[in-house]
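Counting along the first sequence from 1, when you hit position 238 you're at 238 in the numbering used here, and nothing is skipped either side.
Don't take each hint at face value.
Stated by the list, open to error - Between beta-carbon pairs, the in silico distance windows are: (1) Q309 x F334: 17 to 27 Å; (2) D28 x D412: 43 to 53 Å; (3) E15 x L401: 20 to 30 Å; (4) A172 x K237: 19 to 29 Å; (5) Y29 x S457: 41 to 51 Å; (6) K301 x E15: 35 to 45 Å.
Rather than coming from a laboratory, the hints here were simulated on the basis of the structure. A quick note: this is a predicted structure, and the numbers were derived from the prediction, not measured. For each residue, glycine too, the CB sits at the ideal point set by N, CA and C.
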Amino acid sequence: MSDAKLPSHTEDFSEWYNQLVLRAELADYAPVRGCMIVRPYGWALWENIQQALDRRFKATGHVNAAFPLLIPKSFLEKEQAHVEGFSPELAVVTIGGGKELEEPLVIRPTSETIIGYAYAKWIKSYRDLPVLINQWNSVVRWELRTKMFLRTLEFFWQEGHTAHATYEEAAAETRQMLEVYTDFAVNEAAIPVIPGRKSDAERFAGADQTYSIEAMMGDGKALQAGTSHNLGQNFAKAFDIRYLDKRGELQYCWTTSWGLSTRFIGAIIMVHGDAQGLILPPRLAPFQVVVVPIFKTAEEKAIVMEAAQNLRTALVGAEVRVKLDEREGLTPGFKFNDWEMRGVPLRIEIGPKDVASRTVMLARRDQPGKAGKTAAQQDEIVTVVKALLVTIQQALYDRALAFRNANTHEPDDYEQFKSVVEKGFALSYWCGSSDCEAQIKEQTKATTRCVPLEQESREGVCIKCGQPAKEKVIFAKAY
RNA sequence: CGGGGCGUGGCUCAGCCUGGUAGAGCGCUCGGUUUGGGACCGAGAGGUCGGAGGUUCGAAUCCUCUCGCCCCGACCA
Numbered sequence: 001m002s003d004a005k006l007p008s009h010t011e012d013f014s015e016w017y018n019q020l021v022l023r024a025e026l027a028d029y030a031p032v033r034g035c036m037i038v039r040p041y042g043w044a045l046w047e048n049i050q051q052a053l054d055r056r057f058k059a060t061g062h063v064n065a066a067f068p069l070l071i072p073k074s075f076l077e078k079e080q081a082h083v084e085g086f087s088p089e090l091a092v093v094t095i096g097g098g099k100e101l102e103e104p105l106v107i108r109p110t111s112e113t114i115i116g117y118a119y120a121k122w123i124k125s126y127r128d129l130p131v132l133i134n135q136w137n138s139v140v141r142w143e144l145r146t147k148m149f150l151r152t153l154e155f156f157w158q159e160g161h162t163a164h165a166t167y168e169e170a171a172a173e174t175r176q177m178l179e180v181y182t183d184f185a186v187n188e189a190a191i192p193v194i195p196g197r198k199s200d201a202e203r204f205a206g207a208d209q210t211y212s213i214e215a216m217m218g219d220g221k222a223l224q225a226g227t228s229h230n231l232g233q234n235f236a237k238a239f240d241i242r243y244l245d246k247r248g249e250l251q252y253c254w255t256t257s258w259g260l261s262t263r264f265i266g267a268i269i270m271v272h273g274d275a276q277g278l279i280l281p282p283r284l285a286p287f288q289v290v291v292v293p294i295f296k297t298a299e300e301k302a303i304v305m306e307a308a309q310n311l312r313t314a315l316v317g318a319e320v321r322v323k324l325d326e327r328e329g330l331t332p333g334f335k336f337n338d339w340e341m342r343g344v345p346l347r348i349e350i351g352p353k354d355v356a357s358r359t360v361m362l363a364r365r366d367q368p369g370k371a372g373k374t375a376a377q378q379d380e381i382v383t384v385v386k387a388l389l390v391t392i393q394q395a396l397y398d399r400a401l402a403f404r405n406a407n408t409h410e411p412d413d414y415e416q417f418k419s420v421v422e423k424g425f426a427l428s429y430w431c432g433s434s435d436c437e438a439q440i441k442e443q444t445k446a447t448t449r450c451v452p453l454e455q456e457s458r459e460g461v462c463i464k465c466g467q468p469a470k471e472k473v474i475f476a477k478a479y
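Put together the whole structure using the sequences plus the hints.
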């Protein structure tokens with residue numbers, strides 16, 4: 001709340017983002033490089049994300065558990081690709097209780113290994129399968145370059161880990177959870193996403209197949225917003241996760257893992273935010289409605305506050321998350337701007353005139369200024385507010401989708417491709433060779449984001465080399 | 001790790017070149033007037049200049065080293 005204005009999000013998106021995170025009080029910098037303190041407002045948003053996801057996990061048969069933070073270093077080394085992928089970014093504990101440890105312990109960068117260890121102990125028979133466990137925790141990866149929410153040394157997430165009797169079951173689980181993430185992104189966060197398969201280069205260390213949902217941020221760059229891995233039998237073999245099948249034969253399990261992190265908060269900021277600040281989707285917003293009372297004299301204050309409290313009571317009773325701004329000494333205008341910056345989807349203004357006429361003024365966050373203002377009867381406030389929240393939720397999705405469509409192109413040739421990918425997505429045929437992928441990355445900074453699951457046709461030529469190609473791929477610069 | 005920028009009250013920064021022992025705006029506290037789109041006036045509190053060492057009668061200022069942060073690149077959810 002220091003300077004009046006944020007940096008322009010069209011001119012300096014990065015600085016706009018940094019300042020918004022701090023000023024909206026989502027998070028603050030920690031004393032350790034690359035770490036963040038999630039403040040109550042940011043955590044409330046995360047809790048709503050957690051609830052929306054956890055509901056879906058439970059509905060698909062998963063249960064929650066907790067595995068340890070510290071993992072024997074040797075565990076990480078059991079799966080070849082996994083160790084190669086993660087060893088550069090491990091934080092390792094070598095001293096405990098003042099003494100050098102016999103075996104160093106790594107702070108989990110992800111829990112495939114420790115869970116693999118546990119699953120090997122627990123799974124003996126096909127009757128034990130499937131195992132469908134999720135955990136909410138934080139992990140540490142020693143990233144070189146960090147940014148609030150998008151990439152921090154420690155981040156909060158959920159990681160689901162499942163074990164199955166067959167490849168088909170594991171594949172179905174992987175895809176099911178991708179669908180769960182898609183549903184969550186679209187229906188809770190109002191963020192349109194493209195579910196798809198990752199290229200070999202972009203695949204998770206130790207997975208046979210990685211799927212992701214990809215979203216377009218307000219600057220045209222892509223953000224991987226959730227991932228789901230089919231781990232094949234890689235970890236089953238490394239950790240000896242085996243079961244006896246119906247015929248009495250010993251089989252390796254098929255495992256999966258899937259995760260969505262606090263990075264998603266970054267996505268919400270960058271997809272919906274505007275020049276005024278955050279715009280939070282009603283279904284996830286810590287406060288869906290803020291009531292700003294307006295008065296001059298003590299008598300006015302008394303009647304306005306009473307009416308405002310009645311509004312709050314009515315809305316709370318209807319399970320609307322509402323905040324009554326009772327702060328003293330701040331002008332209504334200041335409060336308007338403050339809550340707009342913090343992204344509250346709907347504002348109710350109530351002053352002496354409204355009390356007299358039993359009305360209120362409603363202001364939509366997604367439509368700045370007069371355009372978003374309407375009057376409503378106090379008696380009908382619950383109905384009107386609930387309907388408006390649904391409308392706003394939908395409007396945010398529609399706007400994000402329109403923006404993505406406007407910035408997604410199917411270039412005819414490589415020259416066009418290069419300019420398209422400067423800001424936005426290119427949907428192009430790709431032959432599948434890592435060489436083309438690497439060259440494109442070097443020449444344009446754009447990487448393959450995913451091979452969308454939905455494909456129109458199945459024939460074309462690679463945008464880079466002109467060789468026959470079967471699938472279209474999303475290319476974009478990415479966070 | 002390479003390139004660039006920067007560390008001075010809570011925040012943004014001036015002062016540094018041309019050493020003399022610290023300033024502004026915002027925020028904060030108190031009082032008053034205000035309050036339908038970021039109010040105003042007055043009075044206060046608050047820093048020894050990222051850290052260490054050196055030069056000097058004297059260092060925020062000059063020198064050396066060091067730590068940290070931000071931005072851009074290579075790695076990543």
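For each hint, the structure was consulted:
1. For the hinted restraint 17 to 27 Å between Q309 and F334, the CB-CB distance of approximately 21 Å keeps it satisfied.
2. A C-beta distance of roughly 47 Å is found between D28 and D412, which places it inside the suggested range of 43 to 53 Å.
3. Checked against the given bound of 20 to 30 Å, the beta carbons of E15 and L401, roughly 27 Å apart, stay inside it.
4. Distance hint check: the CB atoms of A172 and K237 are about 21 Å apart, consistent with the given range 19 to 29 Å.
5. For the pair Y29 and S457, the supplied restraint of 41 to 51 Å holds, since their beta-carbon distance comes to about 49 Å.
6. In this structure the hint that K301 and E15 lie 35 to 45 Å apart at CB holds, the actual value being about 39 Å.
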